[in-house]
Amino acid sequence: MAAPPVEVSHLVKQYGGFTAVRDISFSVEEGEIFGILGPNGSGKTTTVESLQGLRKIDGGQVRVLGLDPTTQSGEIRRRIGSQLQESALPDRVKVWEALDLFGALSPDGPSVDDLLDDWGLADKGQARFGSLSGGQQQRLFVALSLVNDPTLVFLDEMTTGLDPASRRVAWDLIRQIRERGATVVLVTHFMEEAEALCDRVMVVNHGVVAAEGSPSGLIDRFGGGVRVRFSLDGQDVGWLSSVPHVKAWDRERDKYEVHGDGPVLVHVASSLLEHGLAPTDLRQERATLEDVFLTLTSERGDT
Amino acid sequence: MRLLLKMTWLELKLFLREPLTVLFALVLPLLILFVMGGVFGNTADASLYRGVGAMDYYLPAYIALVAASVGLISLPTHMAGNRELGVLKRYRASSMPAWVVVGSQVAVTFLISLVSALILVLVAMPAYEVTGPDSIPMVIAGFVVVALAFSALGVLLGAVLPSSRSAQALGVMLWFVMLMVGGAGPPPEVLAGTMATVGDLTPLMHAVRTMQDGWLGLDPGWSWLVVCGVTLVSGAAAVVFFRWE
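Sequences listed follow chains A and B, in order.
Sequential numbering of the first sequence, starting at 5, is according to this note's numbering.
Sequential numbering of the second sequence, starting at 28, is according to this note's numbering.
These are calculated hints, taken from the structure and not from any lab test.
What you were told as hints is all true, and nothing was included just to trick you.
Estimated spans, in silico, between C-beta atoms of each pair:
1) Lys60(A) to Val260(B): 22 to 30 Å
2) Pro168(A) to Ala196(B): 36 to 44 Å
3) Leu39(B) to Glu90(A): 23 to 31 Å
4) Arg29(B) to Gly185(A): 26 to 34 Å
DSSO-like mimics (lysine-lysine), calculated; alpha carbons at most 30 Å apart, straight line:
5) Lys98(A) to Lys33(B)
6) Lys128(A) to Lys33(B)
7) Lys128(A) to Lys98(A)
8) Lys128(A) to Lys40(B)
9) Lys98(A) to Lys40(B)
Backbone N, C-alpha and C fix where the C-beta goes; we use that ideal spot for every residue, glycine too.
Whole structure, please, built from the sequences with the hints as guidance.
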């Protein structure tokens with residue numbers, strides 16, 4: 005079994021007297037989309053830029069594709085794909101020219117025409133970078149990050165500044181990258197995005213890891229449980245208290261509200277059926293990743 | 028090498044897509060030459076212009092001046108702008124070698140200076156009956172060291188200045204001061220005391236003399252050595268101070 009594409013233990017990074025990353029450890033498994041979430045200034049970008057050897061780290065152990073970014077950054081950058089925050093191309097460069105130039109860095113990579121086709125830019129080859137829409141620029145950046153056919157791709161806030169429709173398109177691009185067999189590390193501050201795309205996420209706050217796990221796992225752990233609601237006409241449902249994962253329940257006229265955790269919905273549903281009851285409006289209300297994020301980053305925040 | 032050629036070709040195309048920069052690099056020296064030619068003509072005067080006619084003096088001087096304008100203004104403005112926009116960061120993340128990024132700038136500066144110099148020569152020689160070059164190999168050698176010197180200075184400016192605006196402001200200022208006291212404006216013989224000293228300290232003065240020595244067949248002094256020194260010192264400093272972001 006090969007080593008994970010990314011392994012980080014106790015990463016520290018300071019800028020002058022300011023500690024941007026205090027202590028961050030995580031690993032990314034092959035083939036997954038790993039999300040790094042956190043408020044502005046929490047150290048997300050510093051972390052991914054350190055992994056790419058773009059920042060000199062001040063402490064900790066980092067391995068990317070088995071290589072050390074402090075001494076082998078050139079080799080790492082040749083093998084990864086990278087979409088950076090605050091990077092750009094000259095306004096007057098044409099789309100095909102950019103792909104051609106970056107493609108020349110890895111002669112074995114896909115051809116310019118293939119990249120243009122794959123990323124929906126076929127009719128934009130002659131367009132200048134400055135004339136592209138935000139979504140098209142992002143597609144070009146994704147294409148550029150894939151010219152070397154990387155097995156590991158870093159995407160730093162690629163959907164910031166995009167309108168909701170373009171953002172959905174970008175999500176499809178990210179899924180496509182993974183379908184090609186690459187591992188993706190995604191920095192984002194859109195919780196909806198992380199929930200839709202990521203297999204696992206890490207929430208970073210003030211340079212430390214606040215929590216790590218699958219989006220639904222985090223919601224289970226930090227979301228304050230699940231609420232199941234349904235309506236019934238005057239039935240005796242005292243048995244609800246003994247249904248697994250139910251913590252409490254309440255009733256207001258014909259409306260029932262059950263508090264529980266984890267898979268409480270299926271247990272309630274199955275018990276209702278066992279009792280011959282089939283409410284048509286059975287539904288659960290669950291905290292979103294955004295609720296979890298806000299809980300994690302405010303509680304452990306400015307204390 | 029293929030990368031350097033590709034990058035140079037792309038940078039050349041980008042340069043040509045900026046009409047104002049093209050105008051500045053190719054047309055402005057010509058305009059100054061016309062003004063000087065209109066004012067001074069080309070009659071020799073032993074007390075001025077190193078003893079040759081004004082246009083015989085200015086044509087080789089302006090070959091140095093175009094290299095200075097492209098090297099000191101166009102190159103650093105473009106390079107600092109690329110850093111400011113994050114283009115250099117983008118290059119670095121894709122493992123674009125620094126020597127390709129810098130080398131393409133030097134190559135483009137060299138090519139544009141060359142084209143601009145050829146236009147000057149082709150227009151001025153018939154228009155003002157300028158004496159032809161005394162030694163073509165010396166003129167070519169002089170042009171190579173002069174263009175490299177201003178490219179190196181430009182790379183240094185582009186390496187340390189944070190934005191295209193600051194690079195442009197400083198570049199234009201340096202260029203203008205050099206134009207005035209560095210032998211490409213008023214004849215150096217009329218500059219008094221301090222101004223003459225400052226003039227002697229400018230790289231342009233030595234670049235001008237280097238070009239003139241070859242063109243006019245004058246005894247080559249040590250100006251070409253100063254020009255080579257500027258290249259080495261600026262180049263070394265640029266290597267030390269170069270930043271991707």
